[in-house]
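Assemble chains D and P onto chain G, guided by the hints.
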Amino acid sequence: MEQRSAIYTDEKLIKKLLEDKDITIEDALDNEMVINMGPQHPATHGVLRLVLRLDGETVLSAVPELGYLHRGYEKMAEEMSYIEFIPHTDRLDYTGTMCNNVAYVLAVEKLLGIEAPKRAQYIRMMIAELSRLAAHMIAIGTYAMDVGAVTMVMWTFREREKIQEIFDRLAGARFTTSYTRIGGVASDADSVTIKMVRDFLDQFHSALDEMDKLLLGNKIFIDRLEGIGVLSKEDAIALGVTGPNLRASGVAYDVRRAKPYLFYNEMDFNIPTYTDGDCLARYWLRGDEVRESVKILYQILDKMPQGEILANEPKHTLAHKAEIYTKMEELIHDFMIINYGINPPVGDVFSSAENPKGELGFYIVSNGSGHPWKMKIRSPSFCNLQAITNLCKGAMISDVVAIIGSLDPVMGEADK
Amino acid sequence: MGLEAKLQQDGFVTTTIDAIIAWARKSSVWPMPMGISCCAIEMIAAADPKYDLARFGSEVMRFTPRQCDLMIVAGTVTYKMAQVVRRIYDQMPEPKWVIAMGACTSSGGMYRSYSVVQGIDQFLPVDVYTAGCPPRPENLINAVMTIQKKISKTKARDFQDQAFDNSVITNN
Amino acid sequence: MDMKEIIVEKLKKNFGEFVQEVTDFRNDLSITIASNKIVDVSKFLKEDPELEFVMCKDVTAIDWATRKNRFTVVYHIYSFKNNYFLRLKSNIVEETPAIDSVTSVWPSSNWYERETFDMYGIVFKNHPDLRRMYMPEGFQYHPLRKEFPVLGIPGSLPLPEKI
Chain G
1 MEQRSAIYTD EKLIKKLLED KDITIEDALD NEMVINMGPQ HPATHGVLRL VLRLDGETVL
61 SAVPELGYLH RGYEKMAEEM SYIEFIPHTD RLDYTGTMCN NVAYVLAVEK LLGIEAPKRA
121 QYIRMMIAEL SRLAAHMIAI GTYAMDVGAV TMVMWTFRER EKIQEIFDRL AGARFTTSYT
181 RIGGVASDAD SVTIKMVRDF LDQFHSALDE MDKLLLGNKI FIDRLEGIGV LSKEDAIALG
241 VTGPNLRASG VAYDVRRAKP YLFYNEMDFN IPTYTDGDCL ARYWLRGDEV RESVKILYQI
301 LDKMPQGEIL ANEPKHTLAH KAEIYTKMEE LIHDFMIINY GINPPVGDVF SSAENPKGEL
361 GFYIVSNGSG HPWKMKIRSP SFCNLQAITN LCKGAMISDV VAIIGSLDPV MGEADK
Chain D
1001 MGLEAKLQQD GFVTTTIDAI IAWARKSSVW PMPMGISCCA IEMIAAADPK YDLARFGSEV
1061 MRFTPRQCDL MIVAGTVTYK MAQVVRRIYD QMPEPKWVIA MGACTSSGGM YRSYSVVQGI
1121 DQFLPVDVYT AGCPPRPENL INAVMTIQKK ISKTKARDFQ DQAFDNSVIT NN
Chain P
2001 MDMKEIIVEK LKKNFGEFVQ EVTDFRNDLS ITIASNKIVD VSKFLKEDPE LEFVMCKDVT
2061 AIDWATRKNR FTVVYHIYSF KNNYFLRLKS NIVEETPAID SVTSVWPSSN WYERETFDMY
2121 GIVFKNHPDL RRMYMPEGFQ YHPLRKEFPV LGIPGSLPLP EKI
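Residue numbers (the working numbering), protein chains in the order written: chain G, 1 to 416; chain D, 1001 to 1172; chain P, 2001 to 2163.
Hints listed in this document are in silico derivations from the structure and should not be mistaken for laboratory results.
Quick caveat, the model's predicted, so the values are computed rather than measured.
Here a beta-carbon is modelled for each residue, glycine too, at the ideal position from N, C-alpha and C.
Hints may contain errors.
Mimicking PhoX-like on lysine-lysine, the simulated pairs with C-alpha atoms at most 25 Å apart in a straight line are [unchecked claim]: (1) P:K2125 / P:K2146; (2) P:K2081 / G:K233; (3) G:K213 / D:K1050; (4) D:K1096 / D:K1150.
Calculated from the model, a selection of chain D residues having no Cβ within reach of chain G, i.e. all distances over 12 Å [what the hints assert, rightly or not]: (5) T1014; (6) T1016; (7) D1018; (8) P1093; (9) V1126; (10) K1150.
In isolation and in its complexed conformation, chain G is listed as follows (with noise of 0.2 Å):
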């Protein structure tokens, strides 16, 4: 003690150190603080990662920087035939796999010029709209984990094994799925998978309904969300952000009803949309299209036609291994295919398709050889973290966490 107060007595010392320039005796008020956030944070989603100017709580500028988890998928793609891509498209939205299988193959599709049989697509129908469903699960309990409420993630993971369980039948694999093929789905679905779907959409209705109760009387919730982050129509379309995130600040925009693929266009649905753009609304959205899926899903079961799973293309589709080993001609075909690849012609086409995050597109370039010459992933996590910068603009630091939740980007597409 004698020793320190003898320090402070020191007027020599005293004057060294305000001589030293490193201390600065301003008023702390004045001073802004720039301050990292991420790239391991447990609001960011994975590995994004913000630099945040801030005057006291409030952030003046922040600037996202991404390439955490690039993992050259283009570049991949280039390397690779288009069969081979298939399993890496699981890897773009982790959340909802089988949405970006879909997403891909019609893609594929679209550039080859042939279709799928009536079942085949019914089928991809119904795994992108579990899926989606899967994918909301994980965004509204991560979401609401974010911003303080921890039950949330826990009931919301309870439904989302359920799928998965789903998955795990139908596929194989209940997380990484790599379900469908180019012309067509790997397996079919079988009754009793139907009947999971089934179940599993009757009992939804109940657990969405809990889930709703635990956070509608929250007020704490509302609080922390209510006019935070807000994204207006103009600014919304100018930076591109796409999915319920565009829809939550009132733009009915959605591919499913703009360029309708697969069957769509004869499911009975609504596009819900929100005027306040905040976090708040875009929290509702999810809830919302949760809905609207469980009805087409609904609508799906019960028009599901009978038939082939894989179109009669043997030129551009595998055949079953079953099929391989035993007839002279798939196996012909089946040889070509792994050696020399599909071979589309000379062309470049961009197919879109209605993620869980909003539009993800793939633009392919083809030579006439059996890889792409260039493959282009359009992913909407990417898009929609632009808007990151203006949002965060005049926010609190504490809104920080809510704003990137209720974007809801995935770092595995956002990175590539």
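This is chains D and P only, laid out in the frame that chain G set:
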């Protein structure tokens, strides 16, 4: 009446310090969820009500490295991310263990590309490799149990030097 | 009149010889524009009251490797009003790959152009913040160019030391 029976009657148990420390350590492994990509979702699934990692005392996921003793590297580690992973590993207090969850972290997996590190053992000491892309939650639980087996064989003096080093070097 | 014909006719009327090529493959209309006119054409397409291509969905490039004009920049734009999707292409003729940035027309192209710069090394003139998007600063190569090997160049990216 033997000595042990006499002690038990009085409410005492004889054991070694090593055994009791190892038992305490292995029953409360706090993981640092280094969730980078796809495997992170399966890691959360392992902690969810169905698989329930809490049965093995490892559900306390702490997002600050200072409170953890097991790092689960879940997902593809790129060269850009490798610096961060290493930095967080260095911040964890001794003793610490590492699980390489999934094919990407173990060997680069399906990503033979310019930006992906072909196995995190190039810069981290890995204790358990977990197969799968991503591993099922059961497999992750198996990995945690393997770590527990490994911990139960340790002795307190194994970590003495490291614990001393850690108290000297703090900020990284 | 069909939307395709309207767009092509309008562009030909206003820009004449700068509209170099019109192709229609699998019902995707794609129009090649001279690279020095890309901003003018973009502005026209966005502001024309009949067209209103207000959203830029994607910007990327193609490396043709052996062609004389090696790079083609590709824009994907969308009109909510007509529910129509259009592809613009522009061949870069210069020796050092560079093209005008369209961020003044579509703010969303900011990141897309940064990504294209990172991957192909195409410089977007008048871009507000042209940095690398994915690869670390200081990385010397552009990965999506055809001469870059898929496994990368050993030693070009640092790793932490082994413990």
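Structure-based check of each hint:
As the CA atoms of P:K2125 and P:K2146 are separated by approximately 23 Å, the hinted pair is consistent with the 25 Å bound. Between P:K2081 and G:K233, the direct Cα distance comes to roughly 14 Å. Compliance with the 25 Å bound is thereby established for this hinted pair. Note on G:K213 and D:K1050: the hinted pairing holds, with a Cα-Cα distance of about 22 Å set against a maximum of 25 Å. The hinted pair formed by D:K1096 and D:K1150 meets the criterion: a straight-line CA distance of about 12 Å does not exceed 25 Å.
For D:T1014, the requirement that its beta carbon stay farther than 12 Å from each beta carbon of chain G is met, with the minimum near 42 Å. Every CB of chain G is more than 12 Å from the CB of D:T1016 (nearest about 38 Å), matching its label as outside the interface. Annotated as non-interface, D:D1018 keeps its C-beta farther than 12 Å from every C-beta of chain G; the closest such distance is 34 Å. With a minimum CB-CB distance of about 17 Å to chain G, D:P1093 clears the 12 Å threshold, and the non-interface call stands.
At roughly 18 Å, the least C-beta separation between D:V1126 and chain G is larger than 12 Å, which holds for a residue marked as non-interface. For D:K1150, the shortest C-beta to C-beta distance to chain G comes to about 25 Å, beyond the 12 Å cut-off, and the non-interface label holds.
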